[in-house]
Amino acid sequence: MFSRNKKTSTIEAEQHEMLEYAQTRIKQKKRLYNHFVLFLIGSVFMIIINKILKYGVEYNWFVWAITFWAFLFIIHIFNVFVTSKFMGRDWERKQREKLVLKQKQKIAELQKEIETDFPLSQINKKKEA
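All you need for the numbering used here is the position in the sequence shown, starting with 1, plus 142.
Since the hints were made in silico from the structure, they are not lab data.
We put the CB at the ideal spot given by N, CA and C, even for glycine.
Some clues are possibly wrong.
Said to hold, decoys possible - DSSO-like, lysine-lysine: derived pairs with alpha carbons at most 30 Å apart:
(1) 236 / 172
(2) 240 / 227
(3) 240 / 169
(4) 169 / 227
(5) 227 / 246
(6) 236 / 254
(7) 240 / 254
(8) 254 / 244
(9) 172 / 254
(10) 246 / 236
(11) 236 / 171
Unchecked claim - Here are the in silico distance ranges between beta carbons for each label pair:
(12) 176 / 243: 56 to 62 Å
(13) 218 / 189: 20 to 26 Å
(14) 257 / 157: 39 to 45 Å
(15) 194 / 228: 55 to 61 Å
(16) 174 / 256: 49 to 55 Å
(17) 228 / 161: 21 to 27 Å
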């Protein structure tokens, strides 16, 4: 009876984790698409300012601005579709497990050190005396 509840709670926890991961991926992709739309609108706006409104006509500054913005957009694409796959949920879980294991080992070492420096048998004898 108790094991059945544990299985369902484990499944629910896994489903909850999958749902959270899906929501974060959706937010990442939504921000990327918003960035793309903003990039297109901003690029057209810069071209209009330079060519039609004749602002900085002697130099095509919009080319450099759009190139720089495109570079930032490519970095954003890389972060969403490449980096998150290599350093995604599984990578985070493994790193978290490594850190927890290191912390447990450090705590065990400290407990051993305390037990050797201050044994409980001596403390109990002092209390009895």
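Range hint 20 to 26 Å (beta carbons of residue 218 and residue 189) holds or violated: holds (21 Å)
Pairwise hint evaluation, residue 254 against residue 172, where the allowed Cα distance is 30 Å at most: violated (51 Å)
Restraint check for residue 236 with residue 172, where alpha carbons must lie at most 30 Å apart: holds (27 Å)
C-beta pair residue 228, residue 161: status relative to the range 21 to 27 Å that was hinted: Cβ of residue 228 to Cβ of residue 161: about 22 Å, so the range 21 to 27 Å holds.
Residue 174 paired with residue 256, Cβ distance criterion 49 to 55 Å: holds (52 Å)
Satisfaction of hint between residue 246 and residue 227, Cα-Cα up to 30 Å: holds (29 Å)
Straight-line alpha-carbon gap residue 240 to residue 169, limit 30 Å: holds (28 Å)
Residue 236 paired with residue 254 [C-alpha distance capped at 30 Å]: It holds: about 27 Å lies between the C-alpha atoms, which stays within 30 Å.
Outcome for the supplied range 55 to 61 Å, where the beta carbon pair is residue 194 and residue 228: violated (44 Å)
Agreement of residue 240 and residue 254 with the hint, judged by alpha carbon distance not exceeding 30 Å: With a Cα-Cα distance of about 21 Å, the restraint between residue 240 and residue 254 holds, given a limit of 30 Å.
30 Å Cα cutoff - pair residue 169, residue 227: Answer holds: residue 169 to residue 227 is near 15 Å, not above 30 Å.
Consistency of beta-carbon spacing, residue 157 to residue 257, with hint 39 to 45 Å: holds (43 Å)
Going down the numbered hints, you'll see the structure goes against 9, 12, 15, while the others check out.
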